[in-house]
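Chemist: For reference, the chains in residue letters:
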Amino acid sequence: MATVLTVWGSPSATSRTGVVARHVAARLTADGHDVSTLAVRDLPAQALLHADFADPDLRAALARVADADALVIASPVYKAAYSGVLKTFLDVLPQFALRGKEILPVLTGGTPAHVLALDYALRPVLTSLGADHVAQGWFVHERFVSVEGAMEAEGVAPLEELADAFSARLRRPAAVA
Amino acid sequence: MAQPVKLVVVSAGLGKPSSTRMLGDRLAEATGRQLLDRGVEADVHTVELRDVAVDIAHNLVTGFPPPGLRAAIETVTRADALIAVTPIFTASYSGLFKSFFDVLDNSALTGKPVLIAATGGTARHSLALEHALRPLFAYLRATVTPTSVYAATGDWGASAGAGDDLAARIARAGGELADLAAGLPRAAAAPAAEFEEVVPFAEQLAALRRG
Ligand SMILES: Cc1cc2nc3c(=O)[nH]c(=O)nc-3n(C[C@H](O)[C@H](O)[C@H](O)COP(=O)(O)O)c2cc1C
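Protein chains in written order, with our numbering: chain A, 1 to 177; chain B, 1 to 211.
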C-alpha cells in the first residue's frame, strides 16, 4: 500500500478536474492505497502567492506532499497549459520535492488541440521538481465529465487503465520506500 | 511628433527590490530610447502583479476582477506594446504570472507586440522562455519579438563579460519591440492625412525608371 496525494489545481468549486481527480482517487483507494486529496483553491491565497511558510495551512499542505509516496497532479487546461493556480502551489514546493515519488499527471480541457499541454507544459515542470518517474498521463475532454460528477466511459476508460497501471507500479516493493 | 506609445511592463517579481522588476525597467528604458530614435515617445506604465496577487486569486474563484485588478487588466489591454517579465520557478513562469494571463480575455493581446523576459538563479533554465512563455503568448495571438531576454543572478554586473552580454541582449530586444511598436497605426494619427501622403504605385515605378 502506498500513500497517495491527489493535488488538483482548478479555481472553481464545481470543477471537472476535481471530478476526474476524485475518480482516480477512488480507484486507487479501491486498490488498497491510502489516498487523500488536496485542492489548491482551499489554501489561503495570500500565503500561497507570497510564499508565506509561516502559514499553518500551507505548512500542512507541504508536509502532505513530503509524506506521499506518489502524487496525482490534476489541472484544467488554461491558455494551452496547466492552470496558474496549480503552478502557485508547485512554486512553493522545495526544489526537489518530488524526488523519490511516482507521479500521475491528469488534465481536463475544452479542446483536443491542447492534449499536448500534458507532455509539453506539465511534464517538464514535474521533472524539474525531481520526480523519479512521471507516468503516462491522460487528458480528459470536458464533454465527458459533468460538474455534478457523472462521467462518460468513453472519455475516462483510458485514464482508468493508466490509473490501474500506476497503482500496480506502486505495489512493487521498490516503489515505496 | 506622433502620439506616444503606451509601453506597459508586467512584472511578476515578488522581492523588494526585485531583479524581475529591474529587468523590466531596463527593457523599458532600452525600448523607450530606441523608440525615440525612431521619432516616437514612450509613455511607460508598470504593473506589479505582486500588488494584485490576492485579487487575481479572487477573480479566478469568483470570475470578477476587484477594482485594483481591473485597472491592471485595462492597462495591459490598452497597451501598444508589452514587456512581460517573470521569475522562473520550477523551469517555467511563476504561478502568479500564469494566473494573471489566465484571467485575461483571450482577445486582450491579439496582435500586440510583446517582449518576453525572465530572471532566474541559473542560466540553465533560459529555455523556459522558449518552451513556456512563447507558447503562452502564441496562444494569445500576440506578436512576440524574436529576441527574448533571460537574466541569471550572475549576469547582473558580476563579471563584466556576462553583464555586457545581457546589456547587448536587452538593447537588441528593445530595438525589436521599438520597431514593432513604432509600426503600429496609433489612434491619434489622422488617417486621412496619411492617405494623402501615399505615392501611387505607378508613380513610384515611373520614378524608378526615370532614376
Ligand atoms: C480561463 C480559462 C481558460 C481556458 N483555456 C483553455 C485552453 O486553452 N484549452 C482548453 O482545452 N480548454 C481551456 N479551457 C476549458 C477548461 O480547460 C475546461 O473546461 C476544464 O475542464 C475546466 O476544468 P475545471 O472545471 O476543473 O475548472 C479554459 C477555461 C477557462 C476558464
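Rather than coming from a laboratory, the hints here were simulated on the basis of the structure. It cannot be assumed that every hint is accurate.
Claimed, not checked - Part of the chain B face toward chain A, derived, beta carbon under 8 Å:
#	residue
1	A57
2	F64
3	T90
4	A91
5	G95
6	D102
7	L136
8	L140
9	A142
Ideal Cβ positions, reconstructed from N, Cα and C, are used throughout, including at glycine.
Chemist: Against chain A, with CB atoms and a cut of 8 Å, does the hint on F64 (chain B) hold up?
Modeler: 13 Å, violated
Chemist: When the nearest CB of chain A is found for A91 (chain B), is that gap smaller than 8 Å?
Modeler: At 4 Å from the nearest chain A Cβ, A91 (chain B) passes the 8 Å test, so the hint holds.
Chemist: Closer than 8 Å between Cβ atoms is the bar; does L136 (chain B) clear it against chain A? Give me holds or violated.
Modeler: 6 Å, holds
Chemist: Hold the hint about G95 (chain B) up to the distance rule: shortest CB distance to chain A must be less than 8 Å.
Modeler: This interface hint holds because 3 Å falls under the 8 Å limit.
Chemist: Against chain A, is A57 (chain B) within 8 Å by beta-carbon distance?
Modeler: OK, holds: A57 (chain B) within 8 Å of chain A, min 4 Å.
Chemist: Go through the hint on T90 (chain B) and say holds or violated, using the shortest Cβ distance to chain A against 8 Å.
Modeler: 5 Å, holds
Chemist: L140 (chain B) was flagged as interface toward chain A. Is the shortest Cβ-Cβ separation under 8 Å?
Modeler: Holds, about 7 Å.
Chemist: Just to be careful: measuring from the Cβ of A142 (chain B) to every Cβ in chain A, is the smallest value less than 8 Å?
Modeler: 11 Å, violated
Chemist: Would you settle whether the hint for D102 (chain B) is holds or violated, based on the nearest Cβ-Cβ distance to chain A being less than 8 Å?
Modeler: Check passed: Cβ of D102 (chain B) comes within 5 Å of chain A, closer than 8 Å.
Consistency note: the structure conflicts with the earlier hints numbered 2 and 9.
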